[in-house]
Amino acid sequence: MSALHINEIQKYFGALLVLDGVSLDIAQSEVVAVIGRSGSGKSTMLRCINGLEKIQAGSIEVAGHRIGPQGGDLRSLRKEVGMVFQSYNLFPHLTVLENVTLAPKVVKGVGREEAEAIAHDVLRRVGLAEKSGAYSDELSGGQQQRVAIARSLAMQPKVMLFDEVTSALDPELTGEVLKTMEELADAGMTMVLVTHEMGFARQVADRTVFMHKGKVWEQGPSEELFSYPQTPELRNFIAPNLK
Amino acid sequence: MIRSFGWESVEFLIRGAGWTLLLSFMTFVIGGCFALIFALLRTLGPKPVRLAIAGFIQLVQATPLLIIVFLSFYGLSFVGLHFPPMVGAGLSLAVYTTVFLGDIWRGCIEAIPRQQWEAADALALTRMQQLRYVILPQAFKISLGPTVGFMVQIVKNTSVVALIGFVELTRAGQLLNNMTFQPFHVFLTVAAIYFAICYPMSFLSERLKGNRHVRPAH
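Chains A and B, in that order, are what the protein sequence lines are.
Under UniProt numbering, the first residue of the first sequence carries the number 1, and numbering increases by one thereafter.
Under UniProt numbering, the first residue of the second sequence carries the number 1, and numbering increases by one thereafter.
Take these hints with a grain of salt, some might be off.
[Claimed, not checked] If the Cβ cut is set under 8 Å, some of the chain B residues that face chain A in the computed set are:
no.	residue
1	E11
2	F12
3	R15
4	A111
5	Q115
6	D121
7	A122
8	L123
9	L125
10	P137
11	N157
12	S159
[As the list claims (entries may be wrong)] Computed far set for chain B versus chain A, every beta-carbon distance over 12 Å:
no.	residue
13	L21
14	G32
15	P46
16	L76
17	F78
18	I112
19	P113
20	W117
21	A119
22	A124
23	Q129
24	Q130
25	A139
26	G165
27	L175
28	K209
Keep in mind that the hints were calculated from the coordinates and are not lab data.
Idealized CB from N, CA, C, for every residue including glycine.
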């Protein structure tokens with residue numbers, strides 16, 4: 001059974017059609033990179049998967065939950081689908097530990113001790129066990145993004161969505177975040193990542209999807225897609241990256 | 001009877017100042033409760049409610065406080081609702097506070113970046129949980145400075161209710177002046193008492209503006 005099934009979704013912003021019949025199937029433990037130019041609809045597609053954006057047609061099934069044009073049970077869906085944003089979006093009034101324990105405590109009703117045990121565990125996984133008392137403004141961008149990953153992991157999601165998570169980082173800080181994501185992939189997490197990191201997509205993603213004009217333009221196993229692009233649009237898109 | 005300005009007079013003024021403080025406090029508590037409801041409804045309520053509240057706020061903000069005081073005291077007694085000056089004074093100041101503080105607090109809620117709502121949303125928090133754990137604590141910290149600043153305005157503005165016969169600090173000063181004919185002694189003392197109340201608040205307000213961990217997220 002697939003972990004994520006996107007079926008012919010359409011999305012409009014006003015009169016503008018930004019997703020034009022997108023379909024995608026992602027298996028359990030599969031890592032899929034989504035690439036494409038700005039405005040190709042890749043981030044919008046990702047945001048539709050956990051209902052941050054409404055779709056106007058088609059349907060999405062993720063971790064056993066269904067969303068259609070009428071919406072769906074987004075609360076239970078989001079308990080199992082984590083999301084990490086480009087701008088980290090940590091809660092600046094809370095410490096790292098409080099950021100990570102908030103959702104398990106409030107949403108799942110997990111007790112404080114257990115929530116903190118989970119938090120320490122996920123913070124160790126992202127390599128920030130010693131930062132649990134810090135506030136987000138005391139952390140580097142890379143550290144903040146790793147806390148954001150830990151915050152999402154603490155809900156023990158079945159699928160994780162990454163929305164250009166390294167785009168706001170200084171180049172020397174992207175490595176630590178990518179390494180964290182690679183470890184997650186190795187641990188068997190089902191991941192969809194919208195990214196501009198072609199090298200990372202090629203190396204870590206099982207499959208890469210190229211979006212263009214609101215459509216899935218081309219897709220295939222990452223190595224194959226980057227080595228033998230079939231369409232002129234994809235060739236043009238990845239050409240500058242190969243130099 | 002003409003008396004001269006002395007220690008007794010100062011005591012009389014301080015008793016007036018007590019009423020000023022009590023009135024300010026009541027106003028702040030009652031107005032603050034409604035202001036919070038207004039601020040929340042205006043950011044999160046259904047559109048007709050948002051528009052109605054925005055309209056009411058515009059209307060009251062464009063009305064001098066003195067007119068609100070006259071309306072709630074003379075106006076309501078004209079239609080048969082007779083209140084003691086304390087109630088009329090409290091009522092009009094509470095309306096005034098609701099409107100201004102409601103607007104200040106709405107601004108503080110709206111100052112929290114949309115991404116904060118979104119991040120909490122993606123973590124499956126309900127709308128109320130997002131407000132309670134993520135948005136309001138941050139909005140609260142931003143609001144401290146302007147809120148205390150506005151309390152200074154309330155303290156000073158309670159002086160307008162002297163005109164409907166409520167004996168607070170300003171009215172006490174007027175009465176005392178009528179008895180002593182020493183306006184400089186009387187009103188300088190009145191001003192000094194206002195200063196003694198307001199300055200620490202202004203100082204606190206400035207300090208609170210520098211509060212840490214209130215910067216909006218990136």
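Tested hints:
no.: 1; hint: E11; result: violated (46 Å)
no.: 2; hint: F12; result: violated (47 Å)
no.: 3; hint: R15; result: violated (42 Å)
no.: 4; hint: A111; result: violated (12 Å)
no.: 5; hint: Q115; result: holds (5 Å)
no.: 6; hint: D121; result: holds (7 Å)
no.: 7; hint: A122; result: holds (4 Å)
no.: 8; hint: L123; result: holds (4 Å)
no.: 9; hint: L125; result: holds (6 Å)
no.: 10; hint: P137; result: holds (5 Å)
no.: 11; hint: N157; result: violated (32 Å)
no.: 12; hint: S159; result: violated (37 Å)
no.: 13; hint: L21; result: holds (32 Å)
no.: 14; hint: G32; result: holds (21 Å)
no.: 15; hint: P46; result: holds (18 Å)
no.: 16; hint: L76; result: holds (43 Å)
no.: 17; hint: F78; result: holds (49 Å)
no.: 18; hint: I112; result: violated (10 Å)
no.: 19; hint: P113; result: violated (8 Å)
no.: 20; hint: W117; result: violated (9 Å)
no.: 21; hint: A119; result: violated (4 Å)
no.: 22; hint: A124; result: violated (4 Å)
no.: 23; hint: Q129; result: violated (5 Å)
no.: 24; hint: Q130; result: violated (10 Å)
no.: 25; hint: A139; result: violated (10 Å)
no.: 26; hint: G165; result: holds (46 Å)
no.: 27; hint: L175; result: holds (49 Å)
no.: 28; hint: K209; result: holds (16 Å)
Violated hints for the displayed structure, listed by number in ascending order: 1, 2, 3, 4, 11, 12, 18, 19, 20, 21, 22, 23, 24, 25.
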